[in-house]
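Read off the chains here:
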Amino acid sequence: MIKLTVVPIFIMLLIGFVLFDVVSAQDETSPTDTGLSETVSTVNDALYKQVLTEYNLSLEKYKKAHEEYLLRRSQYIKFKTLTAQQEAYKATLEMLIARNDVVVNYLNVLRERLFMAEGVSYETKNRLDIAINLEKDWYMKHTEILPSAETLENLVNDSNKAGARYRQTKLLSYEVFYYISDGKIESFRLSLNSVIDKLKNLKGIIKSEERPEYQLDPRKIKNIERFLLESENRMTRASALQLKAREEVDRLTKSQDGLSVYNSMVIHLAESQQFFREVGSFLKEVIKEIKSR
Amino acid sequence: MDKVSQFFSDWVNMLMGKSGSSLKTFYGVKSEDIKSADADNPINSDIKKVKEVLEKIISFVEEKIRHALLHVNKKNGFDFVQVVNQLFAKVENSFKLTLVKKILIGLLTLFVIIFTTGLILNLFLKSDVKQNVLTSLEKTPTSMQLEYRPIQNSIYADDKNILMLEEELSILVKQIDSTNIREKAFMPPDLDFSIDF
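Sequences listed follow chains A and B, in order.
For the first sequence, position 67 (counting from the first letter as 1) is numbered 67 according to our numbering, and the numbering increases by one without interruption.
For the second sequence, position 22 (counting from the first letter as 1) is numbered 22 according to our numbering, and the numbering increases by one without interruption.
Derived by calculation from the structure, the hints in this document are not laboratory data.
Even for Gly, the Cβ is constructed at its ideal location relative to N, Cα and C.
Keep in mind that a hint or two might mislead.
With a straight-line Cα cutoff of 27 Å, these simulated DSS-like cross-link-like pairs (lysine-lysine) come out [to be verified]: (1) B:Lys184 x A:Lys64; (2) B:Lys160 x A:Lys198; (3) A:Lys63 x A:Lys203; (4) B:Lys51 x B:Lys101; (5) B:Lys48 x B:Lys101; (6) A:Lys220 x A:Lys207; (7) A:Lys136 x B:Lys48; (8) A:Lys244 x A:Lys254; (9) A:Lys291 x B:Lys174; (10) B:Lys48 x A:Lys288; (11) A:Lys198 x A:Lys288; (12) A:Lys170 x B:Lys184; (13) A:Lys222 x A:Lys288; (14) A:Lys49 x A:Lys63; (15) B:Lys184 x A:Lys200; (16) A:Lys284 x A:Lys170; (17) B:Lys48 x A:Lys49; (18) A:Lys63 x A:Lys78; (19) B:Lys174 x A:Lys207; (20) A:Lys125 x A:Lys200; (21) B:Lys101 x A:Lys220; (22) A:Lys61 x A:Lys125; (23) A:Lys244 x B:Lys64; (24) B:Lys160 x A:Lys203; (25) B:Lys101 x A:Lys203; (26) B:Lys160 x A:Lys288; (27) A:Lys244 x B:Lys184; (28) B:Lys51 x A:Lys284; (29) A:Lys61 x A:Lys203; (30) B:Lys96 x B:Lys64; (31) B:Lys174 x A:Lys49; (32) A:Lys61 x B:Lys48; (33) A:Lys198 x B:Lys101; (34) A:Lys220 x A:Lys170.
Covered stretches of chain B, going by a simulated chain A footprint (3 or more residues, C-beta under 8 Å) [unchecked claim]: (35) 51-57; (36) 99-108; (37) 171-182.
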């Protein structure tokens with residue numbers, strides 16, 4: 001009798017533990033949380049690797065289709081026969097479809113990369129996700145209408161439309177890259193500010209301490225205050241540079257050459273990073289002063 | 001001494017493309033052979049050409065100076081020309097020889113100085129007095145010697161919160177140092193949009 005009750009209870013407990021693990025893996029982070037939990041990161045990593053593999057495969061397929069297109073094109077230009085024209089049409093169509101697939105898979109990679117990035121707000125991720133999906137839809141619809149182009153000239157016109165759209169896609173990708181880079185700086189800024197606040201509280205406690213064994217030399221207190229002040233100054237400068245980069249987003253979305261604008265934004269962010277390095281070394285000195293007599 | 005000076009003069013002449021008589025007899029070579037060898041040697045012919053050009057330039061300059069001085073002479077009644085001619089003659093004849101002499105004397109003097117200095121230093125280093133001075137210098141304490149003072153920990157050195165904060169900061173600093181801000185890996189792919197037939 002006891003065995004009959006114990007065994008089912010044990011099996012139910014086992015099932016319960018397994019389900020609990022599955023449920024926790026499916027939890028999503030809240031919109032305001034800028035960090036990633038381990039389980040979400042693991043799932044996203046797997047998805048990211050999958051889209052990356054698909055992108056690489058589509059790129060290889062496109063390269064082969066492009067070589068075939070070049071061969072058929074040169075044959076058609078040389079011989080100008082009907083057969084050559086048909087072969088050239090077929091090869092061009094396949095190449096254009098493969099090219100669209102590459103762009104769609106690239107946008108998938110971009111999307112996953114964006115969602116893995118730390119420090120990017122939920123609203124920004126959402127907005128960029130909508131923009132990425134719009135681009136994907138355009139290329140997928142373009143792939144659907146390509147076979148209806150009956151002549152080579154129509155294919156060339158369709159290709160030119162895709163070319164114009166690709167310029168816009170590139171600008172979107174540079175915008176995504178900027179927000180990912182800005183997210184890294186933002187997460188560093190928040191973490192460093194948190195450490196500075198904790199050290200300032202600690203300094204306040206030590207300064208107001210009345211027990212002689214817990215008091216530090218006034219020179220040490222002065223050094224600590226100086227380092228904290230220097231850290232705050234550098235944090236202010238880093239924030240100003242981050243803001244300067246942010247102001248160029250409008251210029252990026254309207255520019256012809258997104259890469260040059262993105263590069264200039266990255267330079268500002270890299271300068272911020274340098275200030276953060278200095279803040280890190282100052283805060284280390286503060287801790288050294290607190291730990292030594 | 002005259003033979004020595006003659007020898008050096010001939011050596012310099014040899015360098016400049018002229019064959020010296022003393023060197024001829026030293027090496028046992030006939031003058032006709034030397035002249036024919038000189039004529040065949042392209043380097044000697046090049047040196048001769050350069051010398052001819054230099055001589056022409058010098059004579060041209062000399063002529064100009066003489067004309068100028070003659071003109072001055074007429075005005076002032078003092079024979080500059082004779083003085084300059086004598087000067088030029090002296091310089092031309094003895095310049096090369098004195099130059100060589102001076103160089104050799106200079107080199108010899110330098111060698112003697114170096115040798116003497118080395119001898120003196122060697123004697124000085126070997127002396128016991130020097131040894132004693134050196135050892136006494138080593139023993140004398142100087143103000144540059146620093147005493148090692150180990151850092152003393154405060155009461156906060158073992159505080160858990162401070163240690164955790166230090167660890168957090170250390171990880172953050174490493175992250176900041178190692179992070180590449182630029183997204184290099186996934187630039188848009190380079191696709192061919194220039195389709196035409």
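Hint check:
Of the supplied pair hints, the one linking Lys184 of chain B and Lys64 of chain A holds, its CA atoms being roughly 25 Å apart against a limit of 27 Å. Taken as a hint, the Lys160 of chain B and Lys198 of chain A pair is honoured in the structure, with Cα atoms around 14 Å apart against an allowance of 27 Å. Restraint check for Lys63 of chain A and Lys203 of chain A: the C-alpha separation of about 62 Å exceeds 27 Å, so the hint is violated. Between the alpha carbons of Lys51 of chain B and Lys101 of chain B the distance comes to roughly 22 Å, so the proposed pair stays at or under 27 Å and holds.
Of the supplied pair hints, the one linking Lys48 of chain B and Lys101 of chain B holds, its CA atoms being roughly 24 Å apart against a limit of 27 Å. Our distance criterion of 27 Å between C-alpha atoms is met by Lys220 of chain A and Lys207 of chain A, whose separation comes to about 10 Å. Taken as a hint, the Lys136 of chain A and Lys48 of chain B pair is broken in the structure, with Cα atoms around 86 Å apart against an allowance of 27 Å. A hinted pair counts as satisfied when its Cα atoms are at most 27 Å apart, and Lys244 of chain A with Lys254 of chain A qualifies at roughly 17 Å.
A threshold of 27 Å between alpha carbons decides the hint, and for Lys291 of chain A with Lys174 of chain B the separation of about 21 Å falls inside it, so the pair holds. Between Lys48 of chain B and Lys288 of chain A the alpha-carbon distance is near 81 Å, which puts this suggested pair outside the 27 Å criterion. The hinted pair formed by Lys198 of chain A and Lys288 of chain A meets the criterion: a straight-line CA distance of about 15 Å does not exceed 27 Å. With a CA separation close to 14 Å, the supplied pair Lys170 of chain A and Lys184 of chain B stays within the 27 Å bound.
Taking the CA atoms of Lys222 of chain A and Lys288 of chain A, the gap is about 14 Å. The hint holds against a cut of 27 Å. Among the hinted pairs, Lys49 of chain A with Lys63 of chain A is consistent with the structure: their alpha-carbon atoms are about 21 Å apart, no more than 27 Å. The hinted pair formed by Lys184 of chain B and Lys200 of chain A fails the criterion: a straight-line CA distance of about 38 Å is larger than 27 Å. For the hint linking Lys284 of chain A to Lys170 of chain A, the alpha-carbon distance of about 42 Å lies beyond 27 Å, and the restraint is violated.
In summary, the hint linking Lys48 of chain B to Lys49 of chain A is not supported, as the alpha carbons are separated by about 82 Å, beyond the 27 Å threshold. Of the supplied pair hints, the one linking Lys63 of chain A and Lys78 of chain A holds, its CA atoms being roughly 23 Å apart against a limit of 27 Å. Distance hint between Lys174 of chain B and Lys207 of chain A is unfulfilled; the C-alpha atoms sit about 30 Å from each other, more than 27 Å. Distance restraint check for Lys125 of chain A and Lys200 of chain A: the Cα-Cα separation of roughly 34 Å exceeds the 27 Å cut-off, and the hinted pair is therefore not satisfied.
Using a Cα cut-off of 27 Å, the hinted pair Lys101 of chain B and Lys220 of chain A is violated, with the two alpha carbons roughly 75 Å apart. Annotation: proposed proximity of Lys61 of chain A to Lys125 of chain A is violated, straight-line Cα distance about 30 Å (limit 27 Å). A hinted pair counts as satisfied when its Cα atoms are at most 27 Å apart, and Lys244 of chain A with Lys64 of chain B does not qualify at roughly 75 Å. Annotation: proposed proximity of Lys160 of chain B to Lys203 of chain A holds, straight-line Cα distance about 16 Å (limit 27 Å).
A hinted pair counts as satisfied when its Cα atoms are at most 27 Å apart, and Lys101 of chain B with Lys203 of chain A does not qualify at roughly 83 Å. At roughly 15 Å between alpha-carbon atoms, Lys160 of chain B and Lys288 of chain A fall within 27 Å of each other, so this suggested pair holds. Distance hint between Lys244 of chain A and Lys184 of chain B is fulfilled; the C-alpha atoms sit about 21 Å from each other, no more than 27 Å. Distance hint between Lys51 of chain B and Lys284 of chain A is unfulfilled; the C-alpha atoms sit about 76 Å from each other, more than 27 Å.
Of the pairs offered as hints, the one joining Lys61 of chain A and Lys203 of chain A is violated, with about 62 Å between alpha carbons and a cut-off of 27 Å exceeded. About 24 Å separates the Cα atoms of Lys96 of chain B and Lys64 of chain B, which keeps this hinted pair within 27 Å; it holds. For a cut-off of 27 Å, the pair hint linking Lys174 of chain B to Lys49 of chain A stands: about 26 Å separates their Cα positions. Of the pairs offered as hints, the one joining Lys61 of chain A and Lys48 of chain B is violated, with about 77 Å between alpha carbons and a cut-off of 27 Å exceeded.
Proximity of Lys198 of chain A to Lys101 of chain B is assessed by CA-CA distance (about 85 Å); at most 27 Å being required, the pair is judged violated. A threshold of 27 Å between alpha carbons decides the hint, and for Lys220 of chain A with Lys170 of chain A the separation of about 54 Å lies outside it, so the pair is violated. Only residues whose beta carbon comes within less than 8 Å of a beta carbon in chain A count, and the stretch 51-57 of chain B has 0; fewer than three means the coverage is violated. For the stretch 99-108 of chain B, the stated coverage by chain A is violated: 0 residues have a C-beta nearer than 8 Å to a C-beta of that chain, whereas at least 3 were required.
Note: the stretch 171-182 of chain B has 8 residues with beta-carbon separation from chain A under 8 Å; the three-residue rule is met and the coverage holds.
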